[in-house]
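Visitor: Listed here are the chains, written in short residue letters.
Number of protein chains: 2
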Amino acid sequence: MNFSFEQLESFTQKILRKIGCPEKDAATAARVLLSADLRGVDSHGVARLSGYVRLWEANRINPVPNMCIVHETPSTAVVDGDGGLGLVVAPFAMQVAIDKAKIAGTGWVSVKNSNHYGIAGIHAMEALKHDMIGISLTNASPLVSPTFSRERMLGTNPISVAIPANEQPPFVLDMATTTAANGKLEILQRKKQDAPLGWIQDRDGNPTTSPLGVKDGGALLPLGGDREHGSHKGYGLGSVVDIFSAVLSGANYGPWVPPFVAFLEPHPNPVGEGLGHFFGAMRIDAFRPAGEFKKHMDQWIGRFREAEPVEGQKKVLIPGDPERELEAERRQHGIPLLEPVVEDLKSLGDKLGVSWDQND
Amino acid sequence: MNFSFEQLESFTQKILRKIGCPEKDAATAARVLLSADLRGVDSHGVARLSGYVRLWEANRINPVPNMCIVHETPSTAVVDGDGGLGLVVAPFAMQVAIDKAKIAGTGWVSVKNSNHYGIAGIHAMEALKHDMIGISLTNASPLVSPTFSRERMLGTNPISVAIPANEQPPFVLDMATTTAANGKLEILQRKKQDAPLGWIQDRDGNPTTSPLGVKDGGALLPLGGDREHGSHKGYGLGSVVDIFSAVLSGANYGPWVPPFVAFLEPHPNPVGEGLGHFFGAMRIDAFRPAGEFKKHMDQWIGRFREAEPVEGQKKVLIPGDPERELEAERRQHGIPLLEPVVEDLKSLGDKLGVSWDQND
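Residue numbers (this note's numbering), protein chains in the order written: chain A, 1 to 360; chain B, 361 to 720.
Chain A extracted, bound-state conformation:
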């Protein structure tokens, strides 16, 4: 069943108002959350709304955070999110990075005391409006085992980099540092299909194709899948994301990161506050004139698009292409939601007194 962006946006805003978010924050958070549905990252969108509400019920979300800069230099800042929704804290912190870049050339902001911030890409893309390169990293619930580890130590810790072009659409990398994101696994679980080897290990640390492996005490694997195929590189990248997001800011890191699901308690002996993010903004003209750069980005993108494909394969894609195409389609034809997601949202609405019906 498809639903218009506007209907889902209005519903999400009303729900967030009910848990105490100010009007402006509810609007920001709804826009950020739904960008995932528009761009095809269905696991990170409106399907998670009731998860955020459960965190609020568990007193783990502050709907009226006093977000502030607790330390800064000309090109850096640490932001305390005051336990607010990551969907609100992240746009605040990214704006700090952009404002720093306007003056110092670049801005770099590490964030503590936050929560899940939606998709990484939407925050990095904010920089594009200012002819800047945007960078967005976050740590997340520990579901990933480093190379040789049986234990889960890291989140899917994504990296997003958004780079403006001129005639070409922007380059937008938005990737988990695991072989496959958790959302892809959820799809296989629903379809009762096996996962390829290299995505997950079971509770003993052996490779498995069962998509239930992670739920059953196993773990997602770092990009690379195994040592021979470079999983130590995915593990290294996920670690850098964790350290920049949390050790620099004073948030929880590694296995101490508070889980997104409200039925799992946060660690009894935290090493920091909440979870962490890291944002960067680099003004293009801090390096060379923006027009010149964007002309070369057009040439870069055009040349890669025209790379000779392997016979029988698709065209070579540019990072951001699939998401942009999906967004255009979903803005026009609506966002498809699975029946269980719709039921979950309806009962959430019932509980908080928000009608699901568009015309209410």
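A portion of the hints provided could be inaccurate.
Stated by the list, open to error - No farther apart than 30 Å at their CA atoms in a straight line, the calculated lysine-lysine pairs in the BS3-like style are these: (1) A:K215 <-> B:K675; (2) A:K314 <-> B:K575; (3) B:K374 <-> B:K654; (4) A:K314 <-> A:K346; (5) B:K544 <-> B:K674; (6) A:K14 <-> A:K102; (7) A:K102 <-> B:K462; (8) B:K675 <-> B:K489; (9) B:K706 <-> B:K544; (10) A:K215 <-> A:K191; (11) B:K711 <-> B:K384; (12) A:K346 <-> A:K191; (13) A:K315 <-> B:K575; (14) B:K674 <-> A:K215; (15) B:K462 <-> B:K655.
Simulated from the structure, these hints should not be mistaken for laboratory data.
Given the structure of chain A, go ahead and fit chain B onto it with the hints provided.
Guide: Below, chain B without anything else, positioned relative to chain A:
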């Protein structure tokens, strides 16, 4: 056969003096080049010395470059390497990043008109001496095919991030954005052993285990190996390295990057000057007190080291562990060189009038 660091350093310096490098530059370049041999990246060390000399013979290296900053803001700069050895240009540019960070909190330097800079990690590690996080990226000769591409479009484009700790040794990630670095392939070629699937494709773009695949018109594969295992992520990361190193600075990018081997001509219609690097330095105390950060890094590293290993597997390693152990061993027992490498160096010495014998 093993050779002492000091013997190889002295020989390398003398060779570089013969091609016209000033004394200070020859010392810097020898130190950077040999750091690869010490840290076990044998493909990038003294074995490449005659390759650099051949580039100089082909008038593609300027031994007396006038390196300079051509554009800057408080936290950024673009450096023109004036065609110098990357082994000399990179330390110059990293120092600019460190100097910027001292004042602005962070420093970010994109470099054009350079050449191969040795291993990425040695430049990132320079920041550690200043209680800073160091970042080092470079583009390189096109040997890598993006996902779905038959054509080679990118280099092995490494990413290095060096992060200081207190009692623990520093965290030093230094990785190619491919499944396996070219050096690993060279080892298999010498041993006449097959490569694992996922490392390379043949000239038609089909997966192959032949380590000769790349020489034979094939390509290295991005980290992930194939689409199902996330090769679009390795391709995306390699692309970011290319764009930060070259599109920001005005160097050649993608398939236009000049090849390291002198027998291949640079592209007849370059899109920029030389090849490009990108360096970053972030002062720890631009975010939080350095002592506090390093205490938490000790805890991060300690916890990951103690992660329960998969039965029958090694301990969980921290990025930088294997290289550091090798360096300690090689400083004590010498650097092993293969017979063909020794022969090559001896004849290089004969040609330029530098004796290989330690006592000369």
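Visitor: None of the hints should be skipped; say for each whether it holds.
Guide: Each hint tested on the structure:
For a cut-off of 30 Å, the pair hint linking A:K215 to B:K675 stands: about 25 Å separates their Cα positions. Under the criterion of a C-alpha separation no larger than 30 Å, the hint pairing A:K314 with B:K575 is consistent with the structure, at around 25 Å. Annotation: proposed proximity of B:K374 to B:K654 is violated, straight-line Cα distance about 40 Å (limit 30 Å). Our distance criterion of 30 Å between C-alpha atoms is broken by A:K314 and A:K346, whose separation comes to about 39 Å.
The suggested pairing of B:K544 with B:K674 holds, with an alpha-carbon distance near 21 Å, which does not exceed 30 Å. The straight-line distance between the Cα atoms of A:K14 and A:K102 is roughly 35 Å, outside the 30 Å bound, and the hint therefore fails. In summary, the hint linking A:K102 to B:K462 is supported, as the alpha carbons are separated by about 19 Å, within the 30 Å threshold. Taken as a hint, the B:K675 and B:K489 pair is honoured in the structure, with Cα atoms around 28 Å apart against an allowance of 30 Å.
A hinted pair counts as satisfied when its Cα atoms are at most 30 Å apart, and B:K706 with B:K544 qualifies at roughly 24 Å. With a C-alpha separation of about 16 Å, the suggested pair A:K215 and A:K191 falls inside the 30 Å cut-off, and the hint holds. Taking the CA atoms of B:K711 and B:K384, the gap is near 23 Å; set against the 30 Å cutoff, the hint holds. Restraint check for A:K346 and A:K191: the C-alpha separation of about 23 Å stays at or below 30 Å, so the hint holds.
As the CA atoms of A:K315 and B:K575 are separated by approximately 25 Å, the hinted pair is consistent with the 30 Å bound. For the proposed pair B:K674 and A:K215, the alpha carbon gap of about 25 Å is at most 30 Å, so the pair holds. For the suggested pair B:K462 and B:K655, the alpha carbons sit about 22 Å apart, so the restraint of at most 30 Å is met.
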